[in-house]
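Asks: Keeping their order, the protein sequence lines are chains A and B.
Oh and the first sequence: position 119 is 119 in the numbering used here, straight run, nothing missing.
Oh and the second sequence: position 94 is 1094 in the numbering used here, straight run, nothing missing.
It is worth saying that the hints were derived from the structure and are not from the lab.
Careful, some of the hints might be misleading.
[Stated by the list, open to error] Which residues of chain B face chain A? A partial, calculated answer using Cβ under 10 Å:
#	residue
1	A1025
2	T1038
3	R1041
4	I1047
5	F1112
6	R1126
7	K1130
8	G1134
Keep in mind the model is a prediction, meaning the values are calculated, not measured.
Every residue, glycine too, gets a C-beta built ideally from N, C-alpha and C.
Here is what each chain is made of, one letter per residue.
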Amino acid sequence: MNDLLDRALRGEEIAISKLLTKIESLSDEGLSYLSYLMRRPTKAHTIGITGLPGSGKSTLIAELIKEYSRKGLRVAVILVEPSSPFTMGSFMGNRIRMQEVATEGNIFIRSVSTEGNLGGLSLSALMFIEAFDGLGFDKIIIETVGAGQMDVDLKDVVHTKVVLNVPGTGDEIQVLKAGLMEIGDIYVINKAERPDVALLEDAIKFLIDSSESNNDENWKPRVVKTVAIKGIGVNNLISDIEDHKRYLIDTKRYDEVVRKRRIKLIEIYLRSYFNKIIKNLLSTNENYMLIINNNEFDFRAIINSLLGKIKESF
Amino acid sequence: MERRIKVLIAKLGLDGHDRGAKVIARGLRDEGMDVIYTGLRQTPEQIVKAALQEDVDVIGISILSGVYMELVPKVIELMKKYGLENVGLVVGGVIVPDDIPKLKALGVDEVFLPGSSIREIANSIRDVVKRKRGIKVE
Ligand SMILES: Nc1nc2c(ncn2[C@@H]2O[C@H](COP(=O)(O)OP(=O)(O)OP(=O)(O)O)[C@@H](O)[C@H]2O)c(=O)[nH]1
Ligand SMILES: [Mg+2]
């Protein structure tokens, strides 16, 4: 077997890290590693953590990591961070809250950028889920930017979706506006030491009861209160997460999530591939763009010619 | 396609605030880099472990207190232990001029004194990456 892959499978951190980089680069070598890993047994429980900016996602993940590693589990964390749409660079600060727990146990934390998208999951994030699963991690936790609609992407990708809310925003309807109320399997009310917790709890429960997408009689979304900075409520959250996993297994949905996640991966891979072709086409055919506002401009002819170039390139 | 330069920016040691380090981190993002920011009061172990898992090209350490001669060698030692010989190391902060050659002899690639512009820092980081990886960088 390939040396890098072999070392990564034995758990050597630098090998895992280099492997992820190769996968992220979409090189042939990287894709062959990913293909190999995806043929290995899948068992990891994937947990998505989302919610509005500043709601305490990263702090809560640090608490989850502590508990899971105390139980002897191998945990991988993927931190999805927004990138600048102009320079494509990114400021990735989620790791700050996890630095203290990152040096102990069997924990691997990796940040990825949204690669120019607003929020939700990037191609790299989806590939890393597969890679960590193939490498034998027990739990894979994904923090995504709570940008609203985009996070619906999580729906077909992770087993257990945890949505954070905080009380005291003065307006419990925020929850609705955020567009996240459709997707949660577990709703966390974090910063629960604040007043107005009951108000928010009532609002969330009301929304759960009246939501059409929650008509599965086997799983009613849970509501958990936490104070992440003090570790309060984390054990309740963990037991709800485990209940949800058991429900997925008992109702034969666990592997179905893996199937959907891979369909999503293929879709996102192709989208990103064609996006690059389009970008490249536009930048190498700027002469077309020059005549766009003179009277020789022929929209149909230009589109046909550009499409012709795409077809030729295959 | 070459990947964007990935940098870790950390505040090594116990001193108080991280405004400067944050400004640099955001500036490097605006220069098109991916910047992992790990914040205040980082130990050498935490910094190197993060660099290892994130597979960064360069570790950038910001340090204000005078303890750099004790802590920077620890970072270098751990980088060796974890196999990060190909990762660049740059240090910024209030550094006594006489210590700059000493730091470089230890294995620090660049030293930035207060007042260095983001552009200068970004360009030196690009040079360090070029040297370390032998790769082409825009
Ligand atoms: N009062 C209070 N503050 C908390 C609690 N949990 C987290 N915080 C604080 O809330 C702030 C944001 O926490 P993060 O964990 O960074 O939140 P996040 O949702 O990951 O933030 P982004 O990734 O920026 O969207 C930090 O200052 C935390 O210390 C809590 O239970 N109570
Ligand atoms: Mg966060």
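Asks: For each hint, tell me whether it holds in the structure or not.
Replies: Status of the hints after comparison with the structure:
1. Checking B/A1025 against chain A by beta carbon gives a least distance of about 6 Å; that is within 10 Å, so the hint holds.
2. Evaluation of the B/T1038 hint against chain A yields a held restraint, the C-beta minimum of about 5 Å falling below 10 Å.
3. Look at B/R1041: its Cβ gets to within about 9 Å of chain A, closer than 10 Å, so that hint holds up.
4. For B/I1047, the shortest C-beta to C-beta distance to chain A is roughly 9 Å, which falls under 10 Å, so the interface hint holds.
5. Evaluation of the B/F1112 hint against chain A yields a violated restraint, the C-beta minimum of about 19 Å exceeding 10 Å.
6. The beta carbon of B/R1126 comes no nearer than 13 Å to any beta carbon in chain A, farther than 10 Å, and the hint placing it at the interface is violated.
7. The restraint placing B/K1130 at the interface with chain A is violated, with a minimum CB-CB distance near 18 Å, outside the 10 Å limit.
8. Interface hint at B/G1134: violated, since its Cβ lies 16 Å from the closest Cβ of chain A, which is beyond the 10 Å cut-off.
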